[in-house]
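In the order they appear, the protein sequences are chains C and Z.
Numbered according to this note's numbering, the first sequence spans residues 1 to 533.
Numbered according to this note's numbering, the second sequence spans residues 1001 to 1393.
For the record, the hints were derived by calculation from the structure and aren't laboratory data.
Keep in mind that a hint or two might mislead.
Residues of chain C placed beyond 10 Å of chain Z at every Cβ, according to the derived structure [unchecked claim]:
1. Gly84
2. Ser288
3. Phe494
Pair by pair, the computed Cβ-Cβ distance ranges are [unchecked claim]:
4. Gln375(C) - Val1280(Z): 33 to 39 Å
5. Asp1192(Z) - Glu360(C): 58 to 64 Å
6. Arg519(C) - Asn1180(Z): 31 to 37 Å
7. Arg1100(Z) - Leu503(C): 32 to 38 Å
8. Ser1358(Z) - Val285(C): 15 to 21 Å
Built from N, CA and C at the ideal position, the CB exists for glycine as well.
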Amino acid sequence: MLALALLCAVFAGTVQAQSADDDLRARLNALASGGFDETQRQIDAIAATGDPRAAPALEALSEGDLYFRQSDSAVFIVRTEGSGYALQDPLTLEGVGTAGRREVKKIRVNNRLRRVIRTALGTLTLRAPDPAARIEAADAIFKAQDVDSIEPLDAALAAETDTDVARHMREARAAAVLASGRPTQDKLEAIATIAARGDRDARSLLTGISNGPDTALHDAANAAIAKVERVQGLWDTARNIWFGLSLGSVLLLAAIGLAITFGVMGVINMAHGEMVMLGAYTTFVVQSLFRTAAPEYFDYSLIVALPAAFLVAGLVGIAIERGIIRFLHDRPLETLLATWGVSLILQQSVRTIFGPTNQEVGNPSFMSGAFEIGQLTITYNRLWIVVFALVVFTVLLVAMKATRFGLYVRAVTQNRRMSASMGIRTPLVDALTFGLGSGIAGIAGVALSQIDNVSPNLGQSYIIDSFMVVVFGGVGNLWGTLLGAFTLGIANKFLEPFAGAVLAKILVLVFIILFIQKRPRGLFALKGRAVDA
Amino acid sequence: MTFRFLSGGLTGGRIVMLALLVAAAILVPVLNLALPESHPLHVPTYAVTLMGKYLTYALLALALDLVWGYCGILSLGHAAFFALGGYAMGMYLMRQIGTRGVYGDPVLPDFMVFLNWQELPWYWYGFDVFPFAMLIALAAPGLLAFVFGWFAFRSRVTGVYLSIITQAMTYALLLAFFRNDMGFGGNNGLTDFKDILGFDIQSDATRAGLFAASALALAGGLVIAVAITASKLGKVLIAVRDAESRTRFLGYRVEHYKLFVWTVSAMMAGLAGALYVPQVGIINPGEFAPANSIEAVIWVAVGGRGTLVGPIIGAVLVNFAKSWFTAALPEFWLFALGGLFVFVTLFLPTGIVGLAKSAAQRLRRLREPQTPGRETKTPSEMAAARPSEQAAE
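Bound conformation, chain C alone:
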């Protein structure tokens, strides 16, 4: 039923398009008949359709490249080719053969018509059915400060129903007015309109006015610049916060598993970054399977990759715990070395199997593209990663607070020997916690594969940052990790504009080193007997 309805709709749409096509073609063909006055009426009529496909034909007319065929008065865009002409369909712009010199005749235009055509062209794009095309046209006028476009803009504004498009048109008009010879009062209004726009283009335009010859406008322009700068300052702040949140969510994903294992076992897992890498490679493998087996379901590959990555990384984690770490109990520094060794082996294994180069991991359609809020461009993959990080955090928080396993984990974190005395099987808790922490690193890898290069070195680039987050946030407290990740992310992005990316990172590292002096156990330290063994 639905399919049928859809089919009908599609069919109806085609028919409609077809009729519009015929209509426009008839109007174009009509350009061939009659004198200048008649042609002008036809141009106006074409402009009134607001169909952007007429634009090439009108441009050709203005340039003197629009011809009609003597035999059937059909109109073509024409290029000289050898002794004859190459014909182009005026609507589809496809080549439709050639014609001899005598078969076609140029449609004559004069300067008055050329002006009419220019206005018509502006109007055409300004009245395109697609709002995005209209905005684009308006923005083009804004940049060019095209004085001739004021009238078409006025006409288009009168007909415009979309408020967003209308705003762009008003701004374009204001820009054009500022370049025109209109009275000061109009220009002052224009300055106000442009100031409200408040982006970089507006600022450069206003700077031009404030340095321009018209002294009457200087004060208004300077005031407007100040206003624009204030607005821009706010947007810059918003942008830094957004980028900071984005970086913070990446850090959170990478560090949260580390925080759990470190909290419970007092063990820094140097192979944690490699768990992230394994997750990313699992994504790659899952996507490859999808590509070969079911390319039409490619968008769902990430949903399959998540549990797969969790399992792969989690199982490797449990293997590391059972195989190595449990023998190194109470020797945390040596565990650090052993896990470093494991990380080297994992890296080299992946390099041997998949090769040292970056692997291609695709974005599913819902993660590509971007949208804008004011002057802030937000890409979907970043947005999804922020959301995903928060979801993972919440799930983990609930798991820690509300499940029996979480209770055991917290008990072991606080006092291992007491927990063992109370009947908790601490070796099992250790193994499962390590599996959980590694599994979360694995799903972090799925997310990171969307924004970073999937190579054997992927883990290395996150491991130090993850340490910093854990050390900063404090052990055994998920909120500390959350706060640590976002604080470091945002601090980094706020430092970047005036310090540069590298220096910002150095400053953050130095800050953490100093911070640790003040609070040797992080923001949220465990208190009581757990502090010192």
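Take the given structure of chain C and dock chain Z to it, following the hints.
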């Protein structure tokens, strides 16, 4: 005074090692320079340079053992001190190039000319004088270690936390030295050295001399380390390693002891770096990489931490294996290194030296079976039997 320390600490193995180092410092240059190339005992120059490089690594490992083996501070940033010493030497060597650089500027090194710098930054002044450069090679790492340690030990940052922030320190320096604005050659570092103290840095004699200097520096480092660890101060250090809180409760200012040995160790690492650079001919920010520091830790672990002789053996062995693997089976080096990390921590917690000692002890016990109560353990064996607990939380 020093002699009394030494007599306490100079056990058989250490005497043998010192003798070996001094003998190598004399013999290897002689075998390299005096014998014709066809002679079966001739030591080729590349081998001299390679061994010289190993010896500087061994000095780094020795420095690390001083803090890790005797004080329980696992530094994951000792490569930073090593590299700082190396940069100080590199700066001296850069100034020695003079007008022989590509751009022929008498004062500015090539990379500064390339970056359009007009004059030498103030921190490059004085590096044309060798003693000053050597002073900085010791003082820069020492000062960094002192400031870092002053803050860290006073705030009682210990265990894993300390390891992580030492790693953060070397990582921050890595990033900093990558910047061109720092004035240390950025990405490319310092290279293209011509001569040292007026001798051509490429010549066989200079290389043999550098080898001898490395061997003697290592021997000197060993003597200092033995003196420190055998003294009363050394005993306190071991107490700090085994039970930091208890030592503090007994009235010792733990942080002062740690700071002292930490700074000495950093200077030793700096000296190692300064000797390393002329032998490999380049110093770049890559030396600061955290991975290098961790690799140095495994040298110590392989040889046996808390033994002083062990790290020297470990550094030479592991690096020899590295040279061999990267030439013969480059794919497998990381497998081998990773496996070594795991194997040593799991099965060889006392390292090669510890293994040899316990084997020797077992042999002795086999020979004279009934002597109960004669079991005296050396400090290092105590360490092996009862590993560091200060970081166990």
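Consistency of the hints with the structure:
1. Listed as outside the interface, glycine 84(C) is consistent with that label: its C-beta sits roughly 60 Å from the nearest C-beta of chain Z, beyond the 10 Å cut-off.
2. Distance check on serine 288(C): its Cβ is at least 23 Å (rounded) from any Cβ of chain Z, clearing the 10 Å threshold; non-interface status holds.
3. Consistency note on phenylalanine 494(C): stated as away from chain Z, and its beta-carbon is indeed over 10 Å from all of that chain's, at 18 Å minimum.
4. Our hint of 33 to 39 Å for glutamine 375(C) and valine 1280(Z) is violated, since their Cβ atoms are close to 51 Å apart.
5. For aspartate 1192(Z) and glutamate 360(C), the Cβ-Cβ distance of about 40 Å falls outside the hinted range of 58 to 64 Å, so the restraint is violated.
6. Checked against the hint of 31 to 37 Å, the pair arginine 519(C) and asparagine 1180(Z) passes, with Cβ atoms roughly 35 Å apart.
7. In this structure, arginine 1100(Z) and leucine 503(C) meet the distance hint of 32 to 38 Å, their C-beta atoms being roughly 34 Å apart.
8. Taking 15 to 21 Å as the suggested C-beta distance range, the pair serine 1358(Z) and valine 285(C) does not conform, at roughly 46 Å.
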